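Between the sequences and the hints, there should be enough to build the whole structure, so can you do that?
Each chain, letter by letter, is given below.
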Amino acid sequence: MTLGPLLALIVVLAVAPALPGIATRTRAFFTGRRGAPVLQLYRDLAKLGRKGVVYSRTTTPVFRAGPIVVVASVLVAGALLPLNGHGALLSFSGDLVAFTGLLGLGRFALVLAGLDTGSSFEGMGASREVTISAFAEPALFLCFTVLVLATGELSLAGMLGERLAAVWPVAAPSLALAAAALFMLALAETSRVPVDDPATHLELTMIHEVIVLDHSGPELAFILFGNAVKLALFGALVVSVLVPLGGLQPLLAVPVLVGGLVLVAIGVGIVEASMARLRMNRVPQFLVAAGALAVFGVILLLR
Amino acid sequence: MSGLHELLLLCVVLTNFWVLGTTRLSSTIRATAIQGALLAALPVTLHPGWSLHLVALAAGTFLVKAVVLPSFLFWAIREAAVRREIEPLIGFSASLALGAVAVALSFGIAQRIPLPEPGSTLLIPVALSTVMVGLLVLTTRNKALSQVVGYLVLENGIYVFGLSQAERVPFLVELGVLLDIFVGIFIMGIVVFHINRAFDSLDSTRLSELKD
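From first to last, the protein sequence lines are chains A and X.
If you count the first sequence from 1, you need to add 404 to reach our numbering.
If you count the second sequence from 1, you need to add 2 to reach our numbering.
Keep in mind the hints are simulated off the structure, nothing from the lab.
Since the structure is predicted, the reported quantities are computational estimates derived from the model, not experimental observations.
Built from N, CA and C at the ideal position, the CB exists for glycine as well.
If you anchor each label on the Cβ, the simulated ranges turn out as follows:
#, chain 1, residue 1, chain 2, residue 2, range
1, X, Ala-96, A, Val-501, 22 to 32 Å
2, X, Gly-186, A, Ser-531, 42 to 52 Å
3, X, Gly-5, A, Pro-659, 26 to 36 Å
4, X, Val-179, A, Glu-607, 49 to 59 Å
5, X, Ser-29, A, Arg-447, 36 to 46 Å
6, X, Arg-80, A, Thr-463, 52 to 62 Å
7, X, Ile-189, A, Ser-531, 46 to 56 Å
8, X, Pro-50, A, Gly-556, 29 to 39 Å
Far from chain X by the CB rule (all over 10 Å, computed), these chain A residues:
#, residue
9, Arg-468
10, Val-501
11, Leu-519
12, Phe-545
13, Leu-628
14, Ala-677
Set out below in structure tokens:
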């Protein structure tokens, strides 16, 4: 019974590091360049895994705990999602709060680790990261509200499972709005272009990159892997809202999910190629817009 | 056909959010042009059967709201050399949030309005929310051109409201309304042009300095 979700989770974890590669490759294609290989992140992870770790003398164990908490929280959050459409590894009523909380915990640990270095520069990045997530989290809950109202289920496995396939024809507009909002949130949560630029290394504009500056070796690999998995999880949310996986055979659902993830990554790349990064004071507006879409979805269901 | 007009109405609300959320004037004008095109498609999808009345209404709406007025507004921003709204009275995030509240309110109100056969359950709430968003843009933006866009959105809301009664409203009345808007926007454009000449800016708050 739990074998299917476990296999799906393993497949998603294995595919996850390819997604940022696909996104950057798409971005490079649309801007007329060739771009890094799609599998670059796997090589980076392998390279970082072989290296040693350097710690600053000002850091405390909080700094060392950061990357571990990041990876652990993201893995447990992944276990809550019904990745093959038929049940998740872990599921209980109200686990959508746990899912959001786990993502928040990972970010909190990362921010603490950044602050722990004592660098004012990383403190600035930390404050920005927290500002963004303060706007992203209510919007995420509004998206979940749409799903809860549409399906009447309170667990992620329930509301993304068979019930969703059943109510999809009725609630299609709301669900499409929720999926669009989730995609915007995915861009913000995984620090992609309109919110943050993963390619930038200019001091004043980095948000996510600046927090992880002091991490090295396997710990940096943990953080990179954690961020890739986060993109995969948000992508999986978008895909399973748009294509109710519960309506498919479990064996068919996983390939559909992986194909959907690739499409989401290409979508991220297209957004990155076609948009400039928003000014910092415009970022909340982007996230409020995502929230407004979700609110509209909620209203359509309450009608 | 019922799915199609609901989709169009949802897109109308999305263009409302678009108008509320962008700083660039050219982008808001593009949003109203798309909204105009959506409104032109509505009467045809809403009332099945091709009557001359509906087709003419759709064609006239498309011509005025999606082609003539937007291109005129584009001309106005080119002449006046304004690009973006700098400091509205209510910020962009706050006005987006207010827009969401307006949508919620209008869905609440619409259920309490007794109307003979509204055609679609979405029609009245979308009309009300469009009117509210238009009013919001009209009152909180400083640039005269944004206010013109707000007026246009407000009028689009009234048009959607009128669509629920399209069978009863005589054709001439509809055309008269279209002509009114056209003339209204035209005059506004000329006024905007002259404000720009006199003040070197389209900030309507400066108009309070006018003294004779």
